[in-house]
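Novice: Let chain A serve as the given structure and place chain B on it in line with the hints.
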Amino acid sequence: MTVSIIGASTTKFGELWGTSPRTLAHEAMDGALKDSGIVAGRIQALFVGNMLSGMLGGQEHLGAFFAEELGFSHAAAIKIEGACASGGLAIHAAVNGILSGQYETVAVLGVEKMTDHKPEDVATALMGAGSSQERASGCTFPGLYAILARAHMLKFGTTQEDMAAVAVKNHYHASLNPNAQFHRPITIEAVLKSHKVADPLTLLDCSPISDGAAALVLSVKHQASSVKIVASAVATDTLGLAQRASLTELQATKEAAMRAYKQAGIEAKDVDVAEVHDCFTIAEILALEDLGITKKGDAAGGIRRGEFTLGSAKRVVLNPSGGLKGCGHPIGATGVKQVVELVVQLRGMAGARQVAGARFGLAHNVGGSGATAVVHILKE
Amino acid sequence: MLSPVKLWRNQKNVGGMLGRTGKIISWTIVRVPPADFSDQAPYPVVLVEFDGGGRVTAQLVDWDTKHLSVGQKIITIVRRIIKPNTEGVIPYGIKVKPL
Numbered sequence: 000m001t002v003s004i005i006g007a008s009t010t011k012f013g014e015l016w017g018t019s020p021r022t023l024a025h026e027a028m029d030g031a032l033k034d035s036g037i038v039a040g041r042i043q044a045l046f047v048g049n050m051l052s053g054m055l056g057g058q059e060h061l062g063a064f065f066a067e068e069l070g071f072s073h074a075a076a077i078k079i080e081g082a083c084a085s086g087g088l089a090i091h092a093a094v095n096g097i098l099s100g101q102y103e104t105v106a107v108l109g110v111e112k113m114t115d116h117k118p119e120d121v122a123t124a125l126m127g128a129g130s131s132q133e134r135a136s137g138c139t140f141p142g143l144y145a146i147l148a149r150a151h152m153l154k155f156g157t158t159q160e161d162m163a164a165v166a167v168k169n170h171y172h173a174s175l176n177p178n179a180q181f182h183r184p185i186t187i188e189a190v191l192k193s194h195k196v197a198d199p200l201t202l203l204d205c206s207p208i209s210d211g212a213a214a215l216v217l218s219v220k221h222q223a224s225s226v227k228i229v230a231s232a233v234a235t236d237t238l239g240l241a242q243r244a245s246l247t248e249l250q251a252t253k254e255a256a257m258r259a260y261k262q263a264g265i266e267a268k269d270v271d272v273a274e275v276h277d278c279f280t281i282a283e284i285l286a287l288e289d290l291g292i293t294k295k296g297d298a299a300g301g302i303r304r305g306e307f308t309l310g311s312a313k314r315v316v317l318n319p320s321g322g323l324k325g326c327g328h329p330i331g332a333t334g335v336k337q338v339v340e341l342v343v344q345l346r347g348m349a350g351a352r353q354v355a356g357a358r359f360g361l362a363h364n365v366g367g368s369g370a371t372a373v374v375h376i377l378k379e
Numbered sequence: 000m001l002s003p004v005k006l007w008r009n010q011k012n013v014g015g016m017l018g019r020t021g022k023i024i025s026w027t028i029v030r031v032p033p034a035d036f037s038d039q040a041p042y043p044v045v046l047v048e049f050d051g052g053g054r055v056t057a058q059l060v061d062w063d064t065k066h067l068s069v070g071q072k073i074i075t076i077v078r079r080i081i082k083p084n085t086e087g088v089i090p091y092g093i094k095v096k097p098l
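Residue numbers (numbering that gives the first Met the number 0), protein chains in the order written: chain A, 0 to 379; chain B, 0 to 98.
The set of hints was computed from the structure by calculation and includes no laboratory data. Be aware that one or more of the hints could be misleading.
Taking lysine-lysine and the BS3-like style, the derived pairs with C-alpha atoms no more than 25 Å apart in a straight line are [unchecked claim]:
| id | chain 1 | residue 1 | chain 2 | residue 2 |
| --- | --- | --- | --- | --- |
| 1 | A | K195 | A | K154 |
| 2 | A | K192 | B | K65 |
| 3 | A | K154 | B | K65 |
| 4 | A | K195 | B | K96 |
| 5 | A | K268 | A | K378 |
| 6 | B | K65 | A | K195 |
| 7 | B | K22 | A | K154 |
| 8 | A | K154 | A | K295 |
| 9 | B | K72 | A | K154 |
Simulated restraints, written as ranges between beta carbons of each label pair [to be verified]:
| id | chain 1 | residue 1 | chain 2 | residue 2 | range |
| --- | --- | --- | --- | --- | --- |
| 10 | B | G52 | A | M348 | 48 to 56 Å |
| 11 | B | V13 | A | M54 | 24 to 32 Å |
| 12 | B | G53 | A | A355 | 46 to 54 Å |
| 13 | B | I76 | A | L153 | 21 to 29 Å |
| 14 | A | H194 | B | L98 | 28 to 36 Å |
| 15 | B | K22 | A | R358 | 44 to 52 Å |
| 16 | A | K313 | B | T64 | 38 to 46 Å |
| 17 | A | G300 | B | G53 | 29 to 37 Å |
| 18 | A | T186 | B | P83 | 41 to 49 Å |
| 19 | B | G70 | A | S131 | 24 to 32 Å |
| 20 | A | D115 | B | I76 | 34 to 42 Å |
Some residues of chain B that are not near chain A, with every Cβ distance over 12 Å (derived) [claimed, not checked]:
| id | residue |
| --- | --- |
| 21 | W7 |
| 22 | V31 |
| 23 | D61 |
| 24 | P83 |
| 25 | T85 |
| 26 | G92 |
Every residue gets a Cβ at the ideal spot worked out from N, C-alpha and C, and that includes glycine.
Just chain A, same shape as in the assembly:
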C-alpha cells in the first residue's frame, strides 16, 4: 500500500498582521481540499503540526480546535509537536494513520502565528526545543547553530562567504515564489554586512519570524494528479549539543535519510529536487552533507559555484521554494510547506521556479538543533 497526496496548498508566508491562525488554517486547507476534489466531510482524521500556540498564544487542544474550525465534525484530530519538525512529524503520523488501515483519507495542517509576539518572547519560547542546560546558558537557536557553524569552519575551512551563498541562492529562489516572505535577491556583501545575531551568524544568515499555514490531503486512493509518498522516516538525537559526539554533523538527519532511502529503494543521487531545513545558512550545508548528497566538507563549495541553484541542471536543485531562509519559517507550517512545494514541482506546475523533469523529491525537516529529523521522499 502506498499513500498518495491528492491535495496540497499553502498560504502566503510572511508578517501577516491582519490574519488570524483560524484564517490561515482555512486558506491552506480550503486550497488543499479544492485541489483534491473531495469535501471536508470525507476527512476521517486531522493531524496538526504546531509548536508555539500554547506558549505564545495560550491556546492548546489544537486538534479539536482546528477540526471544529475546518468543519471536520467528529473526525479524529491530533496535535503533533516536535519543535521546528512539527510539520514533518504531522505528515509522518498521517502516513502511518493510513498505512495502519484505520483511515482512508486524512488531512495534515501545519500552522504557526509568530509575529503577534515580541522577538525576545519568541526566542525564549523557541528555546523550549533545547536542553535545560542550554536554556540556563542564555543561548538562543541562532547561538546553537552559530556554535555548529564555528565547529564546521574550524574542521572544513567553511567561511562566512560560503554560508552567505546559501542565503543568496535561497533569496533568489524566493524571488520566483509568489508565496514567499521575501522577494528581493540579496548579495553576499549584504549578508556579511547585516548585523550580527550570534557570531558568526548575521541577521541574513537566519530564517525570519513568520506567520503561515500549509495543508495536505492524503489518501489510500490514487488520482491522476497525485504524488506518491514513497518514504517517511524519523530519527532523533540528544536535545543538547553538548551531549553529542560530533558538532559537524547531525546524526538524526543521517539516520532518517538512511531509513528513507531504504524505504524508497533509491540513493541520494536519484533525488532531483530537495527542500531541506535551512533555518540558518550553516544548516543547509550540514543538510546537504548529512543527506549524502555531497561528501562531508564539499557542500559549501558546490553551493557557492551555483550547482544547486535553479537552472544549473548539474545536480539536485535545493530549496526551490526559497527554503526557510527566503520563503519564511512559520515553525509548524514549514515541514508541510516543504512537501507542498515538492508536490507542485513533481506535478510540473511550479512555473518560473520549476525544476525540469523532476521525478523524485526529498523533504528534510529538523527540530531543535538536530534532535529530531524527518525525511520524506516523494515520487511523481
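Specialist: This is chain B only, laid out in the frame that chain A set:
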C-alpha cells in the same frame, strides 16, 4: 515560570559541577537574547570539553575578546543565572570563566 520547588530540586546538582576545568571547543556571542537575559547581552556562550571528558554548554563570564578562542582554558563557577523574579527566588547555576 521559575518554580521555587523546581529550583530547590535542581540546585542540589550544582555543587557537583563546581571547579571543573576544561577547554572551549566552540563559541558564539549572543546579541539577541531570550527575554530573561536581556540585561546581560551581549554575552558569549561556549561549548566546553572538560579535562577527563564530558561537555557542557555554558555562559562565559569575566571575559575579554582574547578569551574567545578554541582551546581557551576555563573553570566552572557558581553564578546567578538571571535576575530574581517576583517570587524572590534567585536561580543559581553553572557558568564558566577563563583560566
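Novice: Please go over all the hints and tell whether each is borne out by the structure.
Specialist: How the hints compare with the structure:
1. Using a Cα cut-off of 25 Å, the hinted pair K195/A and K154/A holds, with the two alpha carbons roughly 22 Å apart.
2. With a CA separation close to 23 Å, the supplied pair K192/A and K65/B stays within the 25 Å bound.
3. A C-alpha spacing of about 21 Å is found between K154/A and K65/B, which places the hinted pair at or below 25 Å, so the restraint holds.
4. A C-alpha spacing of about 23 Å is found between K195/A and K96/B, which places the hinted pair at or below 25 Å, so the restraint holds.
5. Taking the CA atoms of K268/A and K378/A, the gap is about 14 Å. The hint holds against a cut of 25 Å.
6. Distance check on the hinted pair: K65/B and K195/A sit about 19 Å apart at the alpha-carbon level, within 25 Å; holds.
7. Distance restraint check for K22/B and K154/A: the Cα-Cα separation of roughly 17 Å lies within the 25 Å cut-off, and the hinted pair is therefore satisfied.
8. With a C-alpha separation of about 10 Å, the suggested pair K154/A and K295/A falls inside the 25 Å cut-off, and the hint holds.
9. A C-alpha spacing of about 20 Å is found between K72/B and K154/A, which places the hinted pair at or below 25 Å, so the restraint holds.
10. A hinted range of 48 to 56 Å for the beta carbons of G52/B and M348/A is consistent with their spacing of about 54 Å.
11. Between V13/B and M54/A the CB atoms are about 26 Å apart, so this pair conforms to the stated range of 24 to 32 Å.
12. For G53/B and A355/A, the hinted distance range of 46 to 54 Å is satisfied, since their beta carbons lie about 51 Å from each other.
13. The supplied range of 21 to 29 Å is met by I76/B and L153/A, whose beta-carbon atoms lie about 26 Å from each other.
14. At roughly 32 Å, the beta carbons of H194/A and L98/B sit within the given window of 28 to 36 Å.
15. Checked against the given bound of 44 to 52 Å, the beta carbons of K22/B and R358/A, roughly 49 Å apart, stay inside it.
16. In this structure, K313/A and T64/B meet the distance hint of 38 to 46 Å, their C-beta atoms being roughly 42 Å apart.
17. Checked against the hint of 29 to 37 Å, the C-beta distance between G300/A and G53/B comes to roughly 35 Å, which is consistent with it.
18. Distance hint check: the CB atoms of T186/A and P83/B are about 46 Å apart, consistent with the given range 41 to 49 Å.
19. A beta carbon spacing of about 27 Å between G70/B and S131/A agrees with the range 24 to 32 Å that was offered as a hint.
20. Between D115/A and I76/B the CB atoms are about 39 Å apart, so this pair conforms to the stated range of 34 to 42 Å.
21. At roughly 15 Å, the least C-beta separation between W7/B and chain A is larger than 12 Å, which holds for a residue marked as non-interface.
22. Consistency note on V31/B: stated as away from chain A, yet its beta-carbon is not over 12 Å from all of that chain's, at 5 Å minimum.
23. Non-interface call for D61/B relative to chain A: holds, since the shortest CB-CB distance, roughly 15 Å, exceeds 12 Å.
24. Remark: the non-interface label on P83/B is consistent with the geometry, its nearest Cβ contact in chain A lying 15 Å away (cut-off 12 Å).
25. Interface exclusion of T85/B from chain A stands, the closest Cβ pair being 17 Å apart, more than 12 Å.
26. A beta-carbon of chain A is positioned within 12 Å of the beta-carbon of G92/B; the least distance is around 5 Å.
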